[in-house]
Amino acid sequence: MLIELGHFALILAFALAFAQAGVGFAFWKRGGAAAAFVQQSAILQFVLVGASFAALTQAFIVSDFSVKLVYEHSHSIQPMLYKITSVWGNHEGSMLLFVLILVLFGAAVAAFSRNLPDDLRTLVLSMQGVMVAAFSAFVLFTSNPFWRFDPAPIDGTELNPVLQDIGLALHPPLLYLGYVGFSVCFSFATAALISGRIDAAWARWVRPWTLASWAFLTLGIAMGSYWAYYELGWGGWWFWDPVENASFMPWLAGTALLHSAIVMEKRNALKVWTIFLAIITFSLSLLGTFLVRSGVLTSVHSFASDPTRGTVILAMLAALIGGAFTLFALRASALRSGGLFAPISREGALILNNLFLSAATAGVLVGTLYPLVLEALTGARITVGAPFFDLTFGALMVPLLLLIPFGPFLAWKRGDLAAVTQRLMGAIIATVLVTIIVFTLLGFPVSLAPLGLGLGFWVMLGAIAELFDKAAFRRAGFRRGLARLKGLPRTVWSTAIAHFGVGVTVLGVVFATAFQTEIVTSMRQGESAEIAGYTVHYDGEQMLEGPNYIAERGTFRIIAPWGTTSRLTSERRVYAVSRMPTTEAGINTYGLSQMYVQFGERFGADGRVVRLWHKPYVLLIWLGAIIMAGAGFLSLTDRRMRIGAPQAARRKRPEAAQ
Amino acid sequence: MLWLFAILLTLAALGALYAAMRRPLAGADEDAPTRAFFKSQLEGIEEDMRIGRISESEAAAARGELAREVLRFEREEGKPASAPAAKILPVLIVLPLVAVVAFAVYIAIGRADLPGQPLAGRDLAAEGGQISIEDAIAQVEARLVETPNDVRGWEALGPVYMQMGRYSEAANAFRHILDLAPPTADAETDLAEALILVNDGAADEESIALLRSAAGRDPVHVRSRFYLAGELTRSGNFEEAAALWRELLDIAVGEEPWVATARAGLAAAEAGSTDATLSDPVPDATQEVMIRGMVEGLAARLYDTGGSTDEWMQLVRSRMVIDGQDAARQDLDRGLAALDAEGRTALADLAAELGL
Amino acid sequence: MAMTRKQKRLAVISGMGLVLALAAALIFTALRDQIVFFYSPSEIAEKAVQPGTPIRMGGLVLEGSWKQEGEVNSFIVHDGQTRMTANYTGILPDLFREGQGVVTEGSLQLDGTFLATNVLARHDENYMPREVADTLREQGVWQGEEE
Numbered sequence: 001m002l003i004e005l006g007h008f009a010l011i012l013a014f015a016l017a018f019a020q021a022g023v024g025f026a027f028w029k030r031g032g033a034a035a036a037f038v039q040q041s042a043i044l045q046f047v048l049v050g051a052s053f054a055a056l057t058q059a060f061i062v063s064d065f066s067v068k069l070v071y072e073h074s075h076s077i078q079p080m081l082y083k084i085t086s087v088w089g090n091h092e093g094s095m096l097l098f099v100l101i102l103v104l105f106g107a108a109v110a111a112f113s114r115n116l117p118d119d120l121r122t123l124v125l126s127m128q129g130v131m132v133a134a135f136s137a138f139v140l141f142t143s144n145p146f147w148r149f150d151p152a153p154i155d156g157t158e159l160n161p162v163l164q165d166i167g168l169a170l171h172p173p174l175l176y177l178g179y180v181g182f183s184v185c186f187s188f189a190t191a192a193l194i195s196g197r198i199d200a201a202w203a204r205w206v207r208p209w210t211l212a213s214w215a216f217l218t219l220g221i222a223m224g225s226y227w228a229y230y231e232l233g234w235g236g237w238w239f240w241d242p243v244e245n246a247s248f249m250p251w252l253a254g255t256a257l258l259h260s261a262i263v264m265e266k267r268n269a270l271k272v273w274t275i276f277l278a279i280i281t282f283s284l285s286l287l288g289t290f291l292v293r294s295g296v297l298t299s300v301h302s303f304a305s306d307p308t309r310g311t312v313i314l315a316m317l318a319a320l321i322g323g324a325f326t327l328f329a330l331r332a333s334a335l336r337s338g339g340l341f342a343p344i345s346r347e348g349a350l351i352l353n354n355l356f357l358s359a360a361t362a363g364v365l366v367g368t369l370y371p372l373v374l375e376a377l378t379g380a381r382i383t384v385g386a387p388f389f390d391l392t393f394g395a396l397m398v399p400l401l402l403l404i405p406f407g408p409f410l411a412w413k414r415g416d417l418a419a420v421t422q423r424l425m426g427a428i429i430a431t432v433l434v435t436i437i438v439f440t441l442l443g444f445p446v447s448l449a450p451l452g453l454g455l456g457f458w459v460m461l462g463a464i465a466e467l468f469d470k471a472a473f474r475r476a477g478f479r480r481g482l483a484r485l486k487g488l489p490r491t492v493w494s495t496a497i498a499h500f501g502v503g504v505t506v507l508g509v510v511f512a513t514a515f516q517t518e519i520v521t522s523m524r525q526g527e528s529a530e531i532a533g534y535t536v537h538y539d540g541e542q543m544l545e546g547p548n549y550i551a552e553r554g555t556f557r558i559i560a561p562w563g564t565t566s567r568l569t570s571e572r573r574v575y576a577v578s579r580m581p582t583t584e585a586g587i588n589t590y591g592l593s594q595m596y597v598q599f600g601e602r603f604g605a606d607g608r609v610v611r612l613w614h615k616p617y618v619l620l621i622w623l624g625a626i627i628m629a630g631a632g633f634l635s636l637t638d639r640r641m642r643i644g645a646p647q648a649a650r651r652k653r654p655e656a657a658q
Numbered sequence: 001m002l003w004l005f006a007i008l009l010t011l012a013a014l015g016a017l018y019a020a021m022r023r024p025l026a027g028a029d030e031d032a033p034t035r036a037f038f039k040s041q042l043e044g045i046e047e048d049m050r051i052g053r054i055s056e057s058e059a060a061a062a063r064g065e066l067a068r069e070v071l072r073f074e075r076e077e078g079k080p081a082s083a084p085a086a087k088i089l090p091v092l093i094v095l096p097l098v099a100v101v102a103f104a105v106y107i108a109i110g111r112a113d114l115p116g117q118p119l120a121g122r123d124l125a126a127e128g129g130q131i132s133i134e135d136a137i138a139q140v141e142a143r144l145v146e147t148p149n150d151v152r153g154w155e156a157l158g159p160v161y162m163q164m165g166r167y168s169e170a171a172n173a174f175r176h177i178l179d180l181a182p183p184t185a186d187a188e189t190d191l192a193e194a195l196i197l198v199n200d201g202a203a204d205e206e207s208i209a210l211l212r213s214a215a216g217r218d219p220v221h222v223r224s225r226f227y228l229a230g231e232l233t234r235s236g237n238f239e240e241a242a243a244l245w246r247e248l249l250d251i252a253v254g255e256e257p258w259v260a261t262a263r264a265g266l267a268a269a270e271a272g273s274t275d276a277t278l279s280d281p282v283p284d285a286t287q288e289v290m291i292r293g294m295v296e297g298l299a300a301r302l303y304d305t306g307g308s309t310d311e312w313m314q315l316v317r318s319r320m321v322i323d324g325q326d327a328a329r330q331d332l333d334r335g336l337a338a339l340d341a342e343g344r345t346a347l348a349d350l351a352a353e354l355g356l
Numbered sequence: 001m002a003m004t005r006k007q008k009r010l011a012v013i014s015g016m017g018l019v020l021a022l023a024a025a026l027i028f029t030a031l032r033d034q035i036v037f038f039y040s041p042s043e044i045a046e047k048a049v050q051p052g053t054p055i056r057m058g059g060l061v062l063e064g065s066w067k068q069e070g071e072v073n074s075f076i077v078h079d080g081q082t083r084m085t086a087n088y089t090g091i092l093p094d095l096f097r098e099g100q101g102v103v104t105e106g107s108l109q110l111d112g113t114f115l116a117t118n119v120l121a122r123h124d125e126n127y128m129p130r131e132v133a134d135t136l137r138e139q140g141v142w143q144g145e146e147e
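Protein chains in written order, with this note's numbering: chain A, 1 to 658; chain B, 1 to 356; chain C, 1 to 147.
Treat the hints with care, as some may be off.
Claimed, not checked - Each computed DSS-like pair below joins lysine-lysine, with the alpha-carbon atoms no more than 30 Å apart:
| no. | chain 1 | residue 1 | chain 2 | residue 2 |
| --- | --- | --- | --- | --- |
| 1 | C | Lys67 | A | Lys413 |
| 2 | B | Lys39 | A | Lys413 |
| 3 | C | Lys8 | A | Lys413 |
| 4 | C | Lys67 | C | Lys47 |
| 5 | B | Lys39 | A | Lys68 |
| 6 | A | Lys413 | A | Lys486 |
| 7 | A | Lys29 | B | Lys39 |
To be verified - Estimated spans, in silico, between C-beta atoms of each pair:
| no. | chain 1 | residue 1 | chain 2 | residue 2 | range |
| --- | --- | --- | --- | --- | --- |
| 8 | B | Pro182 | A | Gly540 | 47 to 53 Å |
| 9 | B | Pro159 | C | Pro54 | 32 to 38 Å |
| 10 | C | Pro54 | A | Asp416 | 47 to 53 Å |
Rather than coming from a laboratory, the hints here were simulated on the basis of the structure. Every residue gets a Cβ at the ideal spot worked out from N, C-alpha and C, and that includes glycine.
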């Protein structure tokens, strides 16, 4: 009965979303009962969809095979964790998760923005209502996870073994928190266009939502990349695959939005552009969903895609985005232009940031969609692979990375480049020194790698230099400087930390690409191989039985250059129900570097084909991303960011009244 | 029960909405948020000046700019809202509509009649008894209409059709398996077997070709050779048949139940090739092999994973006919050990009936 | 240094234009040089693809053609008409099977074989790479469901 109640709760939420959109758009100017209705309805939808999701999860936990989705994606012998993650390890369930997060954000806007002007909040929530109605209709009528069987099958077919991993518990929820979070920015943008209120205050109100979504998306992408790295077993962490690009484009656009919103908030400039970015970021998120769900592009990461349902998403995408841009075209010209500034200024630097980021977004978009377009036009089938993206994206990122440290030093309106360079001199000298040391250690290789490392160091040191400069150690002395450092606003800290994280990721990328070592070899039991100073010794294999699979596990001993020995195992599994084979790579971590072993086919009586990688400092890639996301969350705790929140406002209202 | 909860849920939701509308946010100052924003902007300027990000004069300029913004805001937006606050009544009409839409959609697509069936609470054995074979087949068939390329469905259906004597449908299922999955000797023989049975025991060209292909694919495949040898013997192709019978006997380790049949077949083929006419009736190899295959298969499964009382009874009965009392008694002992009290009684009754 | 309002705006806009033009030029040059074509074995024969050009080749792995010696693999890819031998050193994806679809990345060698640098994996037992499905449908080899 619970499962049917869950189904009913989802339908009720769908009906409420319709009512919310209707009432909201009809009465947004008049506040009062309509505003209260819209607000309450947004919160109720979260409760209802939450209950619906819980009911579906319960069906998976107790293996209720009368539910079609449970039958198709779970099995009674699956470990409990994977029974739960199976809920969203499939098309229908993941779309329900999408709706759940959509209403979560709607409820958050309703709960935390009680102090926004009534009309703006009502419009934002009405727009969210439109989206909830559209997506829950999509779930209910084309991809219903509550479909039942009568009579119920005896047992299920299992979750795709590749997905039976802790990664599935984290990656999709985080990614959706990012994707869907941008829907709030989208709603704010359309609300601003409808009401005509587009000013600095608007930018402030949107900023927390942009920050939160961006931080979640950063984590989601990083988590997905690490998951693919260890689960796919090819030792790669980024393939420029369409599905990856689909998540990366909203991230690039979102990063641009994060920066342009600062200009709008501080200087009341770049308004049209910021609104445009808010719309385009969410549009790219939807495009990502469409690409992933429809399978129009060949991807290594696609699961159970369904072209017919993809077409429905495409139609929804066209309606939402088309509507938003029509509105944009009608209203954008009426905007008053903002404050003036010189080309060299904080505004100028942020514009350059936006230019490079949007050019990179366009590059990735062109590269991702070009195969589709070309095939439609000429019938030729092509792939735009890593070389294209490495070249274009790399070329666009180099100047951006060079510029990052300058930005925070430049003054608003009119900056002085010479003075800034002077203040950055310490960082410049340090970067040159570090790069020269690295060059020397690597023996002057004829490649761009040391320059890439230099770039990473430059961004990191620039971020540190900014904090030092703001604390004014030189002028104020060490102790007062330390006090000032502590007293810096959290937004200043988070800017520096996020930029530092970018540098860390750049370092990791350069190290892992340029300095990794790889060998493919066949090893007999007792043989050993040398790689990057490590000795890998193959101790043989054994059969072993997991909860729902049988594995051949190879055991290796790895002797590090400094003499320590550690054990490593790598497996080839066959899952009991689906008879599907998977490879579980063996990974040992040494500090920030990793040894990565893939266990291949059998060779002779006791031999195995083995692929070994040494990946120096590869963990920096994801560490940098975690630092960036952490900085985003830190920024959210800044006092000034809570302007829309209830507590802060209650405190402020009497002050304002004075 | 479900309906009661659904109605309660709807009432609770609509009640919460009504309560919220009764107490709309008490006339909050519409412009307070914007003023709070300007205030924080001002604080930001002071802060920047404090930490030396901007100079005094820059701060003064920034304050002036902010003041202009505030003035403009007061002029444009600060006017009292012209529209009167929305009344509760027009919004109230929406509430019953929500309930009607929700219930209508649920009645259209929901399955209120189906209770949840958690695995732990289900009596699978009883269900196994309840679901008749016909129902199970119908279910698989329905699914195959949707996903005709699901080889597992055909693999489930084929043997069941054979057991039920629906040979042409079995042939169709086996044909699908061959189309969808890489061909194996077993799959080819299955199809040939079904085709032969459709033709009342006569092998047509296709089934012969399939059998030959299966025998060629797997050098130690017994079933295909058996059919082939039997068919060749019957059609008077004695030399080839004799070669095949010999091949079969080579494959055998000597203890297989079909060895006697193969010997007889070889004898018949050899006799046929020497005087070209047959005095002895040809042993009906096909029929024999098929029955034996089924019985052995059933025995293997029951010994391995157990089964229902009916299946054990079927095994004992068949064994009695083919291999005689001793073999049947062995199966009987095994079955008695495996079954529960009720099944034991039924099986013992059967044994008594058969005189074991 | 004192710029008028107009000059400032002009400087900003022309700077933006320059960056955008450079970026566009970069993207389109790269698009011309860095794309990889997808061919079936028949198309490789038809279009006389030059040895050494990086391409993707897709088709079905011929039954019984997969030979493996340690890490060195060779197998034949066919599309119902033309066959092509592919060599690959490394570990094949888990779902590599004879008789099933495959996409390989690499280039044609002078001896007419295909040297694969990468064999693409699938995650899903039921998944047929779209290009392969299309090609095979054109060649009439595979009558899968219309997608």
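For each hint, the structure was consulted:
With a C-alpha separation of about 69 Å, the suggested pair C/Lys67 and A/Lys413 falls outside the 30 Å cut-off, and the hint is violated. Straight-line distance between C-alpha atoms of B/Lys39 and A/Lys413 comes to about 21 Å, which keeps the hinted pair within the 30 Å bound. This hinted pair checks out: C/Lys8 and A/Lys413 have alpha carbons roughly 11 Å apart, not beyond 30 Å. Our distance criterion of 30 Å between C-alpha atoms is met by C/Lys67 and C/Lys47, whose separation comes to about 28 Å.
Between B/Lys39 and A/Lys68, the direct Cα distance comes to roughly 56 Å. Violation of the 30 Å bound is thereby established for this hinted pair. Distance hint between A/Lys413 and A/Lys486 is fulfilled; the C-alpha atoms sit about 27 Å from each other, no more than 30 Å. For the hint pairing A/Lys29 with B/Lys39, the CA-to-CA distance comes to about 25 Å; that is within 30 Å, so the pair holds. Separated by about 32 Å at the C-beta atoms, B/Pro182 and A/Gly540 break the suggested range of 47 to 53 Å.
Between B/Pro159 and C/Pro54 the beta carbon distance is about 49 Å. The supplied range of 32 to 38 Å is therefore violated. In this structure, C/Pro54 and A/Asp416 meet the distance hint of 47 to 53 Å, their C-beta atoms being roughly 49 Å apart.
When each numbered hint is compared with the structure, violations occur for hints 1, 5, 8, 9.
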